[in-house]
Amino acid sequence: MHVRVQEEPFDLGTEVDQFIRIQDNVGAVVTFSGVVRDTPAQDLDAMEIEHYPAMAQAALEDIATQALNRWSLADVIIIHRFGRLTLREAIMMVGTAAPHRQDAFAAAAFLMDYLKSRAPFWKKELRGGRWEWVSSRTEDAEALARW
Amino acid sequence: MQILYFAWVRERIGVPKDVLATEANTVSELVEELKGRAERYQIAFSDMSSIRVAVDQELAELNTPLAGAQEVAFFPPMTGG
Chain A
0 MHVRVQEEPF DLGTEVDQFI RIQDNVGAVV TFSGVVRDTP AQDLDAMEIE
50 HYPAMAQAAL EDIATQALNR WSLADVIIIH RFGRLTLREA IMMVGTAAPH
100 RQDAFAAAAF LMDYLKSRAP FWKKELRGGR WEWVSSRTED AEALARW
Chain B
0 MQILYFAWVR ERIGVPKDVL ATEANTVSEL VEELKGRAER YQIAFSDMSS
50 IRVAVDQELA ELNTPLAGAQ EVAFFPPMTG G
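The listed protein sequences derive, respectively, from chains A and B.
Residue 106 in numbering that gives the first Met the number 0 sits at position 107 of the first sequence, with consecutive numbering throughout.
Residue 71 in numbering that gives the first Met the number 0 sits at position 72 of the second sequence, with consecutive numbering throughout.
Among these hints, one or two may not hold up.
Calculated cross-link-like contacts (lysine to any residue; reagent style SDA-like; alpha-carbon spacing at most 25 Å) [to be verified]:
| hint | chain 1 | residue 1 | chain 2 | residue 2 |
| --- | --- | --- | --- | --- |
| 1 | B | Lys16 | B | Ser48 |
| 2 | A | Lys123 | B | Arg9 |
| 3 | A | Lys123 | B | Met0 |
| 4 | B | Lys16 | A | Asp10 |
| 5 | B | Lys16 | A | Ala53 |
| 6 | A | Lys123 | B | Glu32 |
| 7 | B | Lys16 | B | Ile2 |
| 8 | B | Lys16 | B | Ser45 |
If you want the ones that stay clear, here's a sample from chain B, every Cβ over 10 Å from chain A, calculated [to be verified]:
| hint | residue |
| --- | --- |
| 9 | Leu3 |
| 10 | Gly13 |
| 11 | Val14 |
| 12 | Glu32 |
| 13 | Lys34 |
| 14 | Arg36 |
| 15 | Phe44 |
| 16 | Ser45 |
| 17 | Glu57 |
| 18 | Leu61 |
| 19 | Pro64 |
| 20 | Gly67 |
| 21 | Glu70 |
| 22 | Pro76 |
| 23 | Met77 |
| 24 | Thr78 |
Worth flagging that the hints you see were computed from the coordinates, not collected in a lab.
As the structure is a prediction and not an experimental result, all values here were calculated from the model.
Heads up, the beta-carbon is just placed ideally off N, CA and C, and yes, glycines get one too.
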């Protein structure tokens with residue numbers, strides 16, 4: 000399991016290549032990356048992600064452990080950033096490696112659903128000179144019910 | 000006990016943390032105690048359905064006991080990912 004909470008940017012391609020290179024007997028790798036999206040009014044100037052440092056790493060490791068226990072996986076990677084980000088920058092990524100794709104897809108979806116509403120990160124957007132907290136979506140909280 | 004605040008809860012309360020000795024038995028009792036400190040706490044905690052809590056870095060509920068707890072954190076619903 001590889002879990003990193005960091006301020007600095009990461010290169011998605013490099014991370015995925017490295018993640019694949021360290022696996023044995025893996026036939027499927029699924030990756031997801033969340034990126035900074037513009038607002039409908041196209042006025043996003045920046046995003047700031049606040050986190051709870053003492054809890055974030057442990058919360059992500061706990062979510063990764065649940066996925067490893069539940070599906071037939073070889074490995075899991077989660078990277079989540081905090082601090083200042085700009086448009087189209089990668090906020091986070093998850094990757095799952097498994098012998099077969101079904102487990103890799105299901106576990107990646109599970110990781111994302113849990114991470115959205117159980118990992119202590121909060122997004123704030125700078126729009127037209129004003130900072131506003133991003134509201135949580137009820138669909139995100141409801142998405143946990145399917146697991 | 001160390002009490003931490005994040006995101007808009009931190010902004011409404013005006014400080015990132017408080018350190019206090021409390022007799023509160025549960026998270027709810029702690030919230031009531033904090034609301035008695037100043038109006039800004041009452042404002043921050045006026046709608047508890049929009050507040051999440053962690054006790055010693057684990058997600059908890061309002062009725063979670065505080066016996067032996069070192070750190071309680073209050074924050075809005077998380078928006079990671």
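We went through each hint and held it up to the structure:
no.: 1; hint: B:Lys16 to B:Ser48; verdict: 21 Å, holds
no.: 2; hint: A:Lys123 to B:Arg9; verdict: 13 Å, holds
no.: 3; hint: A:Lys123 to B:Met0; verdict: 28 Å, violated
no.: 4; hint: B:Lys16 to A:Asp10; verdict: 34 Å, violated
no.: 5; hint: B:Lys16 to A:Ala53; verdict: 14 Å, holds
no.: 6; hint: A:Lys123 to B:Glu32; verdict: 29 Å, violated
no.: 7; hint: B:Lys16 to B:Ile2; verdict: 5 Å, holds
no.: 8; hint: B:Lys16 to B:Ser45; verdict: 19 Å, holds
no.: 9; hint: Leu3; verdict: 7 Å, violated
no.: 10; hint: Gly13; verdict: 16 Å, holds
no.: 11; hint: Val14; verdict: 15 Å, holds
no.: 12; hint: Glu32; verdict: 22 Å, holds
no.: 13; hint: Lys34; verdict: 22 Å, holds
no.: 14; hint: Arg36; verdict: 22 Å, holds
no.: 15; hint: Phe44; verdict: 17 Å, holds
no.: 16; hint: Ser45; verdict: 16 Å, holds
no.: 17; hint: Glu57; verdict: 8 Å, violated
no.: 18; hint: Leu61; verdict: 17 Å, holds
no.: 19; hint: Pro64; verdict: 19 Å, holds
no.: 20; hint: Gly67; verdict: 17 Å, holds
no.: 21; hint: Glu70; verdict: 7 Å, violated
no.: 22; hint: Pro76; verdict: 4 Å, violated
no.: 23; hint: Met77; verdict: 6 Å, violated
no.: 24; hint: Thr78; verdict: 5 Å, violated
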